[in-house]
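Trainee: Line by line, the protein sequences are chains Y and R.
Anchor point for the first sequence: position 120 equals 120 in my numbering, and the numbering is continuous, going up by one each time.
When you read off a place in the second sequence, starting at 1, and then add 1000, the result is the number in my numbering.
Incorrect hints may have been included.
[As the list claims (entries may be wrong)] Listed below are the simulated BS3-like cross-link pairs for lysine-lysine, each with C-alpha atoms no more than 27 Å apart in a straight line:
{"no.": "1", "chain 1": "Y", "residue 1": "Lys260", "chain 2": "R", "residue 2": "Lys1017"}
{"no.": "2", "chain 1": "R", "residue 1": "Lys1219", "chain 2": "R", "residue 2": "Lys1229"}
{"no.": "3", "chain 1": "Y", "residue 1": "Lys325", "chain 2": "R", "residue 2": "Lys1216"}
{"no.": "4", "chain 1": "R", "residue 1": "Lys1219", "chain 2": "R", "residue 2": "Lys1208"}
{"no.": "5", "chain 1": "Y", "residue 1": "Lys359", "chain 2": "R", "residue 2": "Lys1159"}
Keep in mind that the hints were calculated from the coordinates and are not lab data.
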Amino acid sequence: MRLKPRSVRIRLTLWYTAALAGLVLCFALGIYTFVRSSLLRQIDDQLERDLATVTRVVRDEPNEINELAQHGSVDFFQVSEGTQVLAETDSWSRFGLEKGVAGSGPGAARSWRAPNDRLYRLRVVAVNSPGHGYLVAVSEAEQTLRQSLASLALILLIGIPLSLALAVLGGYLLAGRALAPIGALAAKAAEITAERLSERLPVEDPLDEFGRLASVFNKTFARLEDSFDRLRRFTADASHELRTPLTAIRSVGEVGLQEKSDAAGYREVIASMLEEADRLNKLVDNLLVLSRADSGAQQMLPEPSDLSALAAEVTDWIQVLAEEKEQHLTVRVSQPVWADIDRTTLRQAVINLVDNAIKYTPDRGNIRVMVRYSPSGEAVIEVTDDGPGISPEHQGRIFDRFYRIDQGRSREMGGTGLGLAITRWAVEINQGRIELESEEGLGCTFRITLPASKARLRVKTSPDL
Amino acid sequence: MTMVNAMHILVIEDEKKVAEALRRGLEAESYRVTVAHTGEEGFFQLNSELFDFVLLDLMLPGRNGIEILGTLRKRGIETPVIILTARDGVEDLVLGLDSGADDYLVKPFAFPELLARIRLILRRGKKDPQLRLSLADLTLDMVTRKVTRGSEQIELTVKEFELLEYLLRNQGRIVSREMLSRDVWQVKDRSTPLDNVIDVHIARLRRKVGGPFDKKLVKTVRGLGFVLKEEG
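Generate the whole structure from the sequences, applying the supplied hints.
Mentor: Okay, here's the thing in structure tokens:
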């Protein structure tokens, strides 16, 4: 037998029933105990009153005791001294209550089963008056109490299982109703496959639990759909990009082979093919970088590095490109800015940004590289140009693989369409983030923000230095 | 150089087109070349003949390159080996170098690059303290850091000087952008976009070195790279 039922509905019902049964049982037990003790207390109070009456007569008017036994208000009592019974009521002897007193001294009230099989409450007290030592016993029938308790127990014994049975049924139905939307969600979610990722789960009330669950599912589906879309687009783009140089190689080769030419002509053909092969090679290298990025296989050697020096090194290398376009490429650094980075990857990111800025900024434009600490203490590298800027429609996708604002132009400039994707990866793998700020016509700013190196900050702020 | 004195190179490469291209390219450089298409064949060749140099493809049918290399080194055969591999995972390369390879090249590689690596390894051990490099009437002095052509002194930036030194040391041979990127700019990552930078420097160097004179020394070989040589 399975100890843990697989159905949540049954489990819920069982829990509900168990909790209710426990509660009801405690409640019933409490009621029974309370009723019983309060009824007993009533009897005991009566006994005390009877005892007081008898005792008063025994003490004050011993001669009146028989009168009390014959015509008094107390139904059951006996007064004895030693072994001699001085007085007792008729009912006392009739029901054989003397046997209950025999052999027991004075004490608290107790229940006793008489020979007639009925229960009586007995109270025996020693009463001393000058020259005498009496034993006074009083009693009350418990029959009514017992009957009341028996009916109460019967009501409880029948009522509890009945109500529990109703609770099981009700609980089962309620749990079923409550869980029905989950079944519906599961059935609907199962229908949403890789081919139908655009479908969404219905959300009836976005604020209740099921609505939230459905919303969470929907968000996950949206992300999945997005990454599937990206993958599909990437695959299509990649094959397109790979096919372009391949097509060139092929057609140049075919035409070259058909045309009769001299050595110089053939050289020209081969050189052209080699150039395309080189382009293909670069594309594959870039794809490999990204594929390593995706698989997380890139070897990182993070060490505290001065970003100002890195920026200076990069601009120094690349300065000649700006000079060719008579652009002003300036580095603005005021102090060393330390961050724990892998120099190789981050350098590539900065080179890509500056290279892009030079490419897309018109002749005689300005490009500024700024390295600083942000007000919140993070390390920041900014590359700003006063080129044409990037319109908002492109800004969101500019870091996507193979995303190009101007297809022909970018390729003409030798771009693979992967530069910014690699840049973003390189920044993110160094625990940083990259943002783009741009207004069309007013140039743009790429900002890399990296956590500042803690080790260096401590040294920097040390009072000894 | 006669064939008797020529360096003998064993190429172990299963891809027939690549192997053939290597053979022809190396023979054009006056090396003597033997080609093996499988690991076993290569191993047999190594055991039966003496080679000056081995080009070893890592992914071979049958016996892989690392195994062959390991066995070779275990037997105390110290023939220089360059590994050719299509995989550029760092682990693979480390494994290759640990097994006793002298250098590695990631496919696809530029042929001039392969030649440069081979020369480098064959020259290893022999000191090359050439402090004056020259070609035709161009002279570069490593000590005074002066460059002259004929009687005229040429002012070069630091980068241009390094570039010219590299070209002079490899004069007559084609130098690829990749080689310059790695050896002059010290950037190993092939996806870093330095090609334009190199082109600009070369253009400036060509203007300065060859500008005022009739003979251009720095030449561009389309699709391959650059070469420093006298017109011919």
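Trainee: Is Lys359 of chain Y within 27 Å of Lys1159 of chain R, Cα to Cα?
Mentor: holds, 22 Å
Trainee: Taken at face value, is the distance from the CA of Lys1216 of chain R to the CA of Lys325 of chain Y at most 27 Å?
Mentor: holds, 25 Å
Trainee: Quick one, are Lys260 of chain Y and Lys1017 of chain R close enough, alpha carbons at most 27 Å?
Mentor: Holds. Lys260 of chain Y to Lys1017 of chain R sits at ~25 Å (cutoff 27 Å).
Trainee: Can the restraint linking Lys1219 of chain R and Lys1229 of chain R be considered satisfied, given a maximum Cα separation of 27 Å?
Mentor: holds, 8 Å
Trainee: Are Lys1219 of chain R and Lys1208 of chain R close enough, with their CA atoms no more than 27 Å apart?
Mentor: holds, 13 Å
The structure shown violates none of the earlier numbered hints.
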